[in-house]
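Those protein sequences? They're chains A and B, same order as listed.
Position 115 of the first sequence, counted from 1, bears residue number 115 in UniProt numbering, the numbering being contiguous throughout.
Position 128 of the second sequence, counted from 1, bears residue number 128 in UniProt numbering, the numbering being contiguous throughout.
A few chain B residues that don't get close to chain A, going by computed Cβ distances all over 12 Å:
no., residue
1, 74
2, 170
3, 180
4, 234
5, 247
6, 251
7, 292
8, 311
9, 316
Dumping the calculated DSBU-like pairs for lysine-lysine here, alpha-carbon to alpha-carbon at most 35 Å:
no., chain 1, residue 1, chain 2, residue 2
10, B, 114, A, 250
11, B, 251, B, 172
12, A, 114, B, 114
13, B, 114, A, 172
14, B, 251, A, 114
15, A, 114, B, 250
16, A, 114, B, 172
Stretches of chain A that chain B covers, calculated by requiring three or more beta carbons in the stretch to come under 8 Å of a beta carbon on chain B:
no., segment
17, 25-35
18, 90-101
19, 113-120
20, 127-133
21, 136-143
22, 156-167
Simulated from the structure, these hints should not be mistaken for laboratory data.
The beta carbon of each residue, even a glycine, is placed where N, CA and C say it ideally should be.
Protein chains: 2
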Amino acid sequence: MNPSHPSGGGAVARCRDLLEPALREAVSVLHPWGARMAAFALGWADADGRPHQGDGGKGVRPAIAMLSAEAVGGTAESALPAAVAVELVHAFSLAHDDIIDHDERRRHREALWKAYGVGPALLTGDALLALAVNQLAGRPEAMSYLSRALIELVNGQTADMAFENRPWRGPKVVTIAEYTEMVAGKTGSLLAAAAAAGVTLGGAPELGDLMWETGRDLGVAFQIIDDMLGIWGEPHVTGKPVYSDLRRDKKTFPVLAALAADHPAARELSDLLAEGVSDEDSVHHAARLVEEAGGRAAAQVQAERYVAAAVGVMDEHLPDAADLRALCVSLADRAR
Amino acid sequence: MNPSHPSGGGAVARCRDLLEPALREAVSVLHPWGARMAAFALGWADADGRPHQGDGGKGVRPAIAMLSAEAVGGTAESALPAAVAVELVHAFSLAHDDIIDHDERRRHREALWKAYGVGPALLTGDALLALAVNQLAGRPEAMSYLSRALIELVNGQTADMAFENRPWRGPKVVTIAEYTEMVAGKTGSLLAAAAAAGVTLGGAPELGDLMWETGRDLGVAFQIIDDMLGIWGEPHVTGKPVYSDLRRDKKTFPVLAALAADHPAARELSDLLAEGVSDEDSVHHAARLVEEAGGRAAAQVQAERYVAAAVGVMDEHLPDAADLRALCVSLADRAR
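Full structure from sequences and hints, please.
Structure follows, in structure tokens:
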């Protein structure tokens, strides 16, 4: 995921200012070489260890943890261990995903494994995960949400990998329901843990399970929007090549929704994808067919539906959710 | 590490019988494909998912957890979550280590990444770690030991990797003190967590920190013995090629001790290693020089010293440590 414009408000920036010193302190217990690679992965340093002012990610997950705590009357600081933990888990998953997917670029820079090699990058991912666990080891309620998220995260990534061997047509095509379960794990679980651990540490553990569901819905919306950006996003914004997910045969929401449509373009699309879209012309053509069959519009509608469900829960159950709500709405607007 | 003859007694087998159903239950929450790869990594299945009766490791770490609980008057079952967790972390670290080191064989079979590919093996390692964390998420005292072990483990592995770029002679040679710190992390931390979490869950949390040190000493002994087996072990026992660590320029205890000796063979060895030992003759010659300079004897003495320290603590502080003590002594006898 690459949240391009997570929020117009100052709340996310305020959370980021709290987060960064805590993240740096967490990383300081690593071996110096490991700390240097972690600093690159987190966006503070270039590959030679020099300070880097770049796109280290917008910190959506930690902001959700801290704003969730505030939404139940706690302080942002109270949720800081959860905020640090989810940001570290996010960095861990990106480091390993880029190895798995052979992605050479990340946030307009080399991927970690391109900069340091596969072995060191793999180990740095492990280190980031160990630091995340360490943040919440002494807080069993929040830790249980993080632990559940880790299992759902790897299960979602395994499902995503297994989808690569599924066909584009016929009875074994990936369904929207299967897609939704996969992204609920791959992307939803960490937002779920952020929200649930956030309200728990903010003083309202009784809202933890409800916020888990809410965070997961947000995550599904987030991933659907990311899927849209992966096809139609501007490369200078997303940091990825245009149409990159189409080139890699990724089972994304717009494509699956287009294939499921009763439309002539859907059949043409499944034939084209089954042949494989390798050259520029066929990739462009596939993107046009996805749009023609209604895949892009369906994705926008579905993402907005999930965000609306999440916002509805906040409006009903959280006394002071204005900043959290604004962040969620801004996430849904990214693909417009 | 590859404990070849961890114990003559039935205590380890008794622990293994308790462990296996709990491990299988832990793995059952994974995606079916992930569960299949985990079953291969844990030694229950071959690469096609068929049941496999093989060398899944002797279960030394979980036995230490369970026997530590018994040693303070608790039941083996009370320490089962810690036992499962340390075995899963061990399997995680082997899965990732084999990717990092390009090792194609593990326990007389293909390494996980050779069987399934780097991406799936990497993800399976992550899954095993997530399951380990899940075992102790609700037990903050034991979780804190596991969390500390994870950080020391990755720091030790990072140090081990950094040693690859260190020379064989001159002022930048790796010292025995640096080696010891590295293996205390890479190998000692997980045995430390097993012992400390074991007594904690067994009802004596006040002994946790002491048993951490004791387990770490055992781990250092364990690794020194493994280093000896990595040079002089029988390939059909260790499952590794003869002299494998020498071929790979690994900074192991016998070699470092030999280099530090005031002996003509030490100087000849450093010259030989600096040139690189690639052919059969030079590898054999290097092994002979390590022995001639006293590296093998020094390793045996040092391992026995660490085991004696650990056993001394057990004799003084644990009321019923007979089985745990026997296991530890048997570990020290592996290299004889």
